[in-house]
Amino acid sequence: MKIVLVVPPKSHPHMRTLRDEICFQNVPYTPFPLRFAAVAPMLREAADVEIVDANALDWDWVRLERELPAADLFVYKSAAGLIRGDSRVGEIVKRKFGREAKVALVETTLAPLYPERMLNDFTQIDFIVRGQVEVVLPALARGLREPGSVLGIAYRRDREIAATPPAQPAPDLDSIPFMAYDLLPVDRYSISYLAAPRYERIVPGIRMRTTRDCPYLCPFCIIGTSVYRGYDRRWRSMSPERVVAELEHVKNRHGVGNVFFWDETFTLDQKRATRLCELMIERRLGMLWRCLTRMDCVSPELLESMAGAGCRHIEYGLEAGDPESRAANHKNFGDDVVRRVVADTQAAGMAAHVDVIVGMPWETRETLDHTLHLINDLHADNVHLTMAFPYPETEFYKTAEARGLLQFADIYSLMIDERVRVGATPYVRSEALAPLELLAGWERIRRESDRHFFFHHVLLSPTTLLRYARLCLNPHHLAQISRRAARSLRHLVPARASRR
Numbered sequence: 001m002k003i004v005l006v007v008p009p010k011s012h013p014h015m016r017t018l019r020d021e022i023c024f025q026n027v028p029y030t031p032f033p034l035r036f037a038a039v040a041p042m043l044r045e046a047a048d049v050e051i052v053d054a055n056a057l058d059w060d061w062v063r064l065e066r067e068l069p070a071a072d073l074f075v076y077k078s079a080a081g082l083i084r085g086d087s088r089v090g091e092i093v094k095r096k097f098g099r100e101a102k103v104a105l106v107e108t109t110l111a112p113l114y115p116e117r118m119l120n121d122f123t124q125i126d127f128i129v130r131g132q133v134e135v136v137l138p139a140l141a142r143g144l145r146e147p148g149s150v151l152g153i154a155y156r157r158d159r160e161i162a163a164t165p166p167a168q169p170a171p172d173l174d175s176i177p178f179m180a181y182d183l184l185p186v187d188r189y190s191i192s193y194l195a196a197p198r199y200e201r202i203v204p205g206i207r208m209r210t211t212r213d214c215p216y217l218c219p220f221c222i223i224g225t226s227v228y229r230g231y232d233r234r235w236r237s238m239s240p241e242r243v244v245a246e247l248e249h250v251k252n253r254h255g256v257g258n259v260f261f262w263d264e265t266f267t268l269d270q271k272r273a274t275r276l277c278e279l280m281i282e283r284r285l286g287m288l289w290r291c292l293t294r295m296d297c298v299s300p301e302l303l304e305s306m307a308g309a310g311c312r313h314i315e316y317g318l319e320a321g322d323p324e325s326r327a328a329n330h331k332n333f334g335d336d337v338v339r340r341v342v343a344d345t346q347a348a349g350m351a352a353h354v355d356v357i358v359g360m361p362w363e364t365r366e367t368l369d370h371t372l373h374l375i376n377d378l379h380a381d382n383v384h385l386t387m388a389f390p391y392p393e394t395e396f397y398k399t400a401e402a403r404g405l406l407q408f409a410d411i412y413s414l415m416i417d418e419r420v421r422v423g424a425t426p427y428v429r430s431e432a433l434a435p436l437e438l439l440a441g442w443e444r445i446r447r448e449s450d451r452h453f454f455f456h457h458v459l460l461s462p463t464t465l466l467r468y469a470r471l472c473l474n475p476h477h478l479a480q481i482s483r484r485a486a487r488s489l490r491h492l493v494p495a496r497a498s499r500r
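For the sequence shown, position 276 (counting from the first letter as 1) is numbered 276 according to the numbering used here, and the numbering increases by one without interruption.
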């Protein structure tokens with residue numbers, strides 16, 4: 001049997017496409033396809049396996065059709081907003097190899113919850129994966145001719161759509177083989193990290209996931225919302241020894257020196273994170289890395305260890321500047337913790353990045369003001385501001401639906417084509433603010449926080465200016481920083497003047 005795992009072509013002519021768990025993003029780096037890299041060694045036990053990463057190889061759809069090899073099963077990755085476009089993979093397979101060649105879709109947010117609609121709308125798809133790929137795909141490879149015995153899929157049975165019971169997540173992550181780096185153009189992949197405030201530098205590197213799931217069930221997050229998405233809120237982790245063994249392997253065998261740990265809450269177990277850092281230092285890995293975590297899951301001692309082990313960038317989920325709103329988002333820590341963690345992170349020599357969401361059901365003018373004031377007070381190295389989106393089956397979606405706050409009729413139809421996570425479109429009103437008021441609030445926070453950053457953290461900060469000056473010695477960085485500065489300068493014009 002032959003199985004081909006396909007990452008579709010990029011969706012933007014000048015950027016790469018990150019097809020992650022909740023939607024797609026156009027990014028300046030080339031993301032490592034960690035899910036396919038993780039499952040490929042397990043599929044090798046039952047089949048000949050090949051990975052075709054058209055996104056990394058810079059293939060367009062014409063070349064993908066020309067180069068795609070024959071196989072019994074094709075599995076492709078998609079994400080909300082690209083589902084219709086990426087379905088061309090299935091069209092190519094059926095046109096080139098006939099109806100006998102089978103096609104499976106891996107998409108986490110929408111397909112697992114609407115399998116019947118998805119299979120009826122996209123007839124070139126034969127199977128939908130509804131669970132962790134490391135569990136479902138190996139079982140599908142073994143049971144391709146008798147799919148009714150495979151847990152965690154939806155499929156075509158005669159003229160009907162059938163679905164099997166959910167598959168349980170993998171219990172032991174240490175037993176998962178190293179990712180299939182030999183099947184991928186490793187030298188093409190890259191990550192980004194904050195080399196200076198609000199400036200991300202692109203360096204060669206890969207993404208790696210060393211844990212699964214998250215116990216917090218934040219209202220806007222898909223994790224823990226459905227067993228058919230492959231989550232059950234039971235946090236699992238690889239041992240520090242297992243993680244370091246793979247890091248040594250990928251560095252020594254494939255020359256990888258930089259890693260983006262794609263774990264939802266990398267430091268949930270602080271003792272584990274500390275031990276991992278100790279091992280990275282002991283083994284002299286010398287790797288640069290970044291991660292995501294929560295502000296109540298770090299300590300000054302852990303941050304020092306992380307910096308010593310090579311961490312340069314931590315992304316924190318702040319979500320809101322108002323403490324009550326933050327608590328409603330299951331971030332139960334006060335402003336004093338937020339300020340201290342940002343300061344401690346920077347004092348340890350790492351960039352502190354915070355994510356902020358505008359537009360949850362409890363948003364008011366006062367909570368928007370609190371968010372703006374805290375952002376300006378934090379001195380964080382970067383702020384990622386997004387408009388809230390109610391992914392199906394989340395607590396946010398159920399609350400907005402029950403209170404009549406949704407601004408669309410059908411979530412499925414919307415998410416097939418719309419890039420919903422990135423941008424400022426309000427798909428939900430709050431109980432106090434209409435959609436246009438939320439949009440105005442988002443724009444005000446973005447504009448005024450950029451203005452505050454430029455004056456207080458660039459023009460009046462010799463340290464920041466020196467960091468930019470050093471980067472500008474490189475022509476590429478000079479061009480990137482100049483474009484970023486031009487965008488920031490546009491926000492310095494007073495709003496009333498720009499309306500004349």
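Keep in mind the hints are simulated off the structure, nothing from the lab. Check each hint, because a few of them may be wrong.
[Said to hold, decoys possible] Derived lysine to aspartate or glutamate pairs resembling EDC-like cross-links, with alpha carbons at most 20 Å apart:
#, residue 1, residue 2
1, K96, E45
2, K2, D48
3, K96, E67
4, K251, D232
5, K398, D344
6, K271, D172
7, K2, E21
8, K96, E146
9, K251, E301
10, K271, E366
11, K2, E67
12, K251, E146
13, K2, E45
14, K271, E324
15, K2, E100
16, K271, D296
17, K96, D72
18, K94, E45
19, K94, E65
20, K2, D20
21, K2, E65
22, K2, D60
23, K94, E50
24, K2, D172
25, K398, D410
26, K271, D344
27, K96, E65
28, K2, D182
29, K251, D213
30, K398, E278
31, K271, E301
32, K251, E282
33, K94, D172
This one's a predicted model, so the numbers in the text were calculated from it and none came from an experiment.
The hints, checked one at a time:
Proposed proximity of K96 and E45 is contradicted: the alpha carbons are some 27 Å apart, above 20 Å. Taking the CA atoms of K2 and D48, the gap is about 5 Å. The hint holds against a cut of 20 Å. Distance hint between K96 and E67 is fulfilled; the C-alpha atoms sit about 11 Å from each other, no more than 20 Å. Proximity of K251 to D232 is assessed by CA-CA distance (about 33 Å); at most 20 Å being required, the pair is judged violated.
For a cut-off of 20 Å, the pair hint linking K398 to D344 is broken: about 37 Å separates their Cα positions. Annotation: proposed proximity of K271 to D172 holds, straight-line Cα distance about 19 Å (limit 20 Å). Between the alpha carbons of K2 and E21 the distance comes to roughly 26 Å, so the proposed pair goes past 20 Å and is violated. For a cut-off of 20 Å, the pair hint linking K96 to E146 is broken: about 24 Å separates their Cα positions.
Only pairs whose Cα atoms come within 20 Å are accepted, and K251 paired with E301 is rejected, the gap being roughly 27 Å. Of the supplied pair hints, the one linking K271 and E366 is violated, its CA atoms being roughly 39 Å apart against a limit of 20 Å. With a C-alpha separation of about 15 Å, the suggested pair K2 and E67 falls inside the 20 Å cut-off, and the hint holds. Straight-line distance between C-alpha atoms of K251 and E146 comes to about 41 Å, which puts the hinted pair past the 20 Å bound.
Restraint check for K2 and E45: the C-alpha separation of about 11 Å stays at or below 20 Å, so the hint holds. As the CA atoms of K271 and E324 are separated by approximately 29 Å, the hinted pair breaks the 20 Å bound. Between the alpha carbons of K2 and E100 the distance comes to roughly 13 Å, so the proposed pair stays at or under 20 Å and holds. Distance restraint check for K271 and D296: the Cα-Cα separation of roughly 14 Å lies within the 20 Å cut-off, and the hinted pair is therefore satisfied.
For the suggested pair K96 and D72, the alpha carbons sit about 12 Å apart, so the restraint of at most 20 Å is met. A C-alpha spacing of about 26 Å is found between K94 and E45, which places the hinted pair above 20 Å, so the restraint is violated. Restraint check for K94 and E65: satisfied, since their Cα atoms lie roughly 11 Å apart, inside the 20 Å limit. Restraint check for K2 and D20: not satisfied, since their Cα atoms lie roughly 26 Å apart, outside the 20 Å limit.
For the given pair, K2 sits about 17 Å from E65 by alpha-carbon distance, which is consistent with the 20 Å threshold. Of the pairs offered as hints, the one joining K2 and D60 is violated, with about 23 Å between alpha carbons and a cut-off of 20 Å exceeded. For the suggested pair K94 and E50, the alpha carbons sit about 18 Å apart, so the restraint of at most 20 Å is met. For the suggested pair K2 and D172, the alpha carbons sit about 27 Å apart, so the restraint of at most 20 Å is broken.
Of the pairs offered as hints, the one joining K398 and D410 holds, with about 14 Å between alpha carbons and a cut-off of 20 Å not exceeded. Taking the CA atoms of K271 and D344, the gap is near 18 Å; set against the 20 Å cutoff, the hint holds. Between the alpha carbons of K96 and E65 the distance comes to roughly 8 Å, so the proposed pair stays at or under 20 Å and holds. The suggested pairing of K2 with D182 holds, with an alpha-carbon distance near 17 Å, which does not exceed 20 Å.
The hinted pair formed by K251 and D213 fails the criterion: a straight-line CA distance of about 26 Å is larger than 20 Å. Proximity of K398 to E278 is assessed by CA-CA distance (about 43 Å); at most 20 Å being required, the pair is judged violated. The suggested pairing of K271 with E301 holds, with an alpha-carbon distance near 11 Å, which does not exceed 20 Å. Proposed proximity of K251 and E282 is supported: the alpha carbons are some 15 Å apart, at most 20 Å.
The suggested pairing of K94 with D172 is violated, with an alpha-carbon distance near 37 Å, which exceeds 20 Å.
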